[in-house]
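A.B. asks: Based on the sequences and whatever the hints tell you, model everything.
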Amino acid sequence: MTARRKILLVTTDQQRYDTIGCNGGALARTPVVDGLAATGIRYERAHPQSVVCMPSRATILTGQHPATHGVWMNGVPLPADAPSAAEVLRQAGYRTALVGKAHFEPYLDPFLRFEENALARTGTTPAGGAHHGFEHLELATHGPVGPLHYARWLAEHHPEAVGGFYRVLDGSMQVNAEGGGDTGAPQVAVNPIERGWYHTDWVADRTIAWLDSLDAGDDWFCWMSFPDPHHPWDPPQSEVGRVDWRDVPLPAGYPVTAAERERIIDAKPRHWRLWYDGALVSNYEAPAAWVPATLTADQVREVNARNAVECELIDEALGRVLARVAARGWADDVDVLFTTDHGELQGDFGLLFKGPYHVDALMRLPLVWRPARSAGPPPAVVRRPVGLVDLAPTLCAIAGLEPPPWMQGRPLPADDADGAERGFERVLTDWDSELFGVDVHLRTITRDGWVCTAYLPGSVHDGTEGELYDLADDPLQQANLWDDPARRALRDDLLADLWDHRPPQRVPRPRVEAPV
Amino acid sequence: MTATAVRGTVRVEARVARPADEVWALVGDPARQHEWFPGITACTVEGDARTVTTGAGLTLPERLLTVDRLQRRLQYRITAPMFREHLGTIDVHDLGDGTSLVVYATDAEPAIMALVIGGAAGNALDHLRAQLEGAP
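Just so you know, the sequences run in chain order G and R.
Numbering-wise (this note's numbering), the first sequence opens with residue 1 and increments by one.
Numbering-wise (this note's numbering), the second sequence opens with residue 1001 and increments by one.
Simulated from the structure, these hints should not be mistaken for lab results.
The model shown is predicted, which means the values in this text are computed figures rather than measured ones.
Note that beta-carbon positions come from the ideal geometry of N, C-alpha and C, so glycine has one too.
Check before you lean on any hint, since a few could be wrong.
[Stated by the list, open to error] Footprint (simulated), chain G over chain R, 3 or more residues, beta carbon under 8 Å:
1. 1008-1017
2. 1038-1044
3. 1049-1056
4. 1109-1120
[To be verified] Here are the simulated distance ranges between beta carbons:
5. R:L1101 <-> G:E178: 56 to 66 Å
6. R:L1101 <-> G:E260: 37 to 47 Å
7. G:A258 <-> R:R1084: 47 to 57 Å
8. R:R1032 <-> G:A258: 38 to 48 Å
9. G:A327 <-> R:R1032: 23 to 33 Å
10. R:T1066 <-> G:G171: 25 to 35 Å
11. R:R1084 <-> G:A267: 53 to 63 Å
12. R:T1066 <-> G:D492: 36 to 46 Å
C.D. replies: Pasting the structure below:
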């Protein structure tokens, strides 16, 4: 039997489109991903179907929109009966592994009810042989606390390093607002850990170990999932000098004066200004005690510098894994996909972190697909909109399998002509959050160079608000055209298309079972 | 009104196709919570003090406040330091047709702890229903 193409899916967490060199990023040096893009396909308009971790990761795995797979906000576990691309591959004979951050199930789990949290006590092989299609899981998150494999490994082998990480939660179990570094920026800290013990290198090390456990003739699918550059921004201190924050230019999306920031935000739906002023936090992962209006230009610089360091470490870790793949003799037979689950505001509009804000900072993602050299199409740049919902069917197509009918995406286009022929016209993104009396609901369509967001009625919005941006003339989404009479027909057309393409809703809707 | 309110409330419920007295016989016994609440591995009761052990090995000291057979109400307070305040209330309502409604309310400060406990309670009620109804 002829060996099939192997698959390495590489994801990061909360990484902006403009943080890698091939997308125009100038801060972090990312030669490995840039090299993949140069010989593969680079997507310029890849969007998530949710801008928070759990729903977005569930979409990557299932090929379904959040409404359908049921993980409609963080804290909702992926239902046990949810379909999985990894399971499709496993059933087809692929060896399957997930190394790093999974987050299909909540982390705050003192009862240890979820398989992801319980697994490290017994090893790396789930009961029943697989969990969501993965026969091997070695899991990590953003720090050294908790029941996952990385935390246990660090506590066992390098306990002296545990205390050097930023404390993600404060004494009230809220995401910590404490500042650090040189500027007092929130979630920035000095971490004295040795580089080789940090979770980025650990993920690469464990991936290599799993690859080394395979036979040369095995077909395999590995999801290598780095927890960075998601906050906290506490990379190994030995590496921080790579990017001096004092030399970092302010991002184009950061309006320098408070008056300008507030003028832009005030033209958006009201929850933007409410968060900016510290009056409303609608996402648990944004530090509740932090007031965005206090963010300084130097803090934006330092956050961007730390983020760039973390992106460089990821790129180097990926390079090590690819070198090992080549050493195993698989170089020509491996498809590599590189992307992330969602973006990061990182100073845009004077904000950090993420939330119900459907702008490029959170929605425009890095996505590179370097098909196996033995079978791949020529290098290309795709400008048509694609979604993370298209990854699962792409994995199937790489393996020579017909995507199952429950997948709502389609295999990624190889170029724009392919995208046009197969109707890649729009991409949809949802936000839903309901927490302690505050509910916010966004429905977004990106099509024809426009991004249009409708706000459903909730505790903050009455259902009439929205956002409309011209991505060509307003790439920073600073001019909201929702109420522009001259754009009313366009807005109505986009909304009609949005409602026409709503994915089916899972019934009953799963419950929120934890904060995150 | 913000997501950072000091006190949080999470209320979950399940309709169980069994008589209220039968449901109460299980959930109204504070020493038997580990029999129907996934993630609680042990319960010990001494007087009005209950100690619950979780799957992660966490030991939660609790004080039993109400065990009312007539109202079918059980209330308890987690007294662990991570809670500034906590009140758990489990009510079993007789729906008059041989079925019952179980309501599990969790009030806590910090607010987020209401979701940590209450989220697990929702799963527990699903488990309770399956257990009592004999569903797979």
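A.B. asks: Any hints from earlier that this structure breaks? Give me their numbers in increasing order, please.
C.D. replies: Of the numbered hints given earlier, those the structure breaks are 5, 6, 7, 8, 9, 11 and 12, listed in rising order.
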